[in-house]
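Novice: Letter by letter, the chains look like this.
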Amino acid sequence: GAVVSQHPSRVICKSGTSVKIECRSLDFQATTMFWYRQFPKQSLMLMATSNEGSKATYEQGVEKDKFLINHASLTLSTLTVTSAHPEDSSFYICSAGRVSNEQFFGPGTRLTVL
Amino acid sequence: QKEVEQNSGPLSVPEGAIASLNCTYSDRGSQSFFWYRQYSGKSPELIMSIYSNGDKEDGRFTAQLNKASQYVSLLIRDSQPSDSATYLCAVQESGGSNYKLTFGKGTLLTVNP
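Protein sequence lines, in the order shown, are assigned to chains A and B. Letter 107 of the first sequence, counting from 1, is numbered 107 in my numbering, and no numbers are missing. Letter 31 of the second sequence, counting from 1, is numbered 31 in my numbering, and no numbers are missing.
Keep in mind the hints are simulated off the structure, nothing from the lab. A couple of the hints might just be wrong.
Short, incomplete list of chain A residues facing chain B, as computed with Cβ under 7 Å [said to hold, decoys possible]:
1. P86
2. S89
3. I93
4. G97
5. T112
Given the structure is predicted, the values throughout are model-derived calculations rather than measurements. We treat Cβ as the ideally placed atom computed from N, Cα and C, and that holds for glycine.
I would like the entire structure built from these sequences, with the hints used as guidance.
Specialist: Below you can see the structure in the form of structure tokens.
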């Protein structure tokens, strides 16, 4: 149990385009999902906390208008990187929280903006 | 500012030895603690959770928690080359109901054949 999927696993796009990443909890309901970003050789950086049916809570320094988060159901959260630029190139990882307090990560999405 | 500190390493051990990974945290009210393993280019994988003082064993892994010292550790017995990865210590914030975690920067472990 506790499987989290992410799609797509890899995306390459041109500067200025928007990219949508999906995160799904496959075998449990997750009232809370998290979005992280990880640059090479650095630790995970929490971007935002996503609660089903309500607005996401963004960490300090993360632009909410650039990183749009929607958590429409107990099994799906989406992150849209709007008007992506090369500096947005990173490894984006979602996680889903279970009632046991454990957090399970999706496989990640590697975004490259040209 | 809640902090989780880990020795960045690299920690190098020979195959078959015990690897000891350490972590300290600043939030005295924290109640839940986790160890994740992250292979290069992959996302983190949960390997241990611990909530009470003392030891918790799962196969070759033993997590140890000392809340008074604000210290949590992970022991890996009979280390294998496949254990080579970055190990992340994560602490759940106190008073929260949304499972938000604070991560350390990770310790890179290399197990030499």
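Novice: Against each hint, give a clear statement of whether it holds in the structure.
Specialist: Here is what the structure says about each hint:
For P86(A), the interface hint is violated, the least distance from its beta-carbon to any beta-carbon of chain B being 20 Å, above 7 Å. For S89(A), the shortest C-beta to C-beta distance to chain B is roughly 14 Å, which exceeds 7 Å, and the interface hint is violated. Against a cut-off of 7 Å between C-beta atoms, the interface hint on I93(A) holds, since the closest Cβ of chain B lies about 5 Å away. A hinted interface residue such as G97(A) counts as satisfied when its beta carbon comes closer than 7 Å to some beta carbon of chain B; here the least separation is about 4 Å, so the hint holds.
Because the beta carbon of T112(A) sits about 14 Å from the nearest beta carbon in chain B, more than 7 Å, this interface hint is broken.
In this structure, the earlier hints numbered 1, 2, 5 are contradicted, and the remaining ones agree with it.
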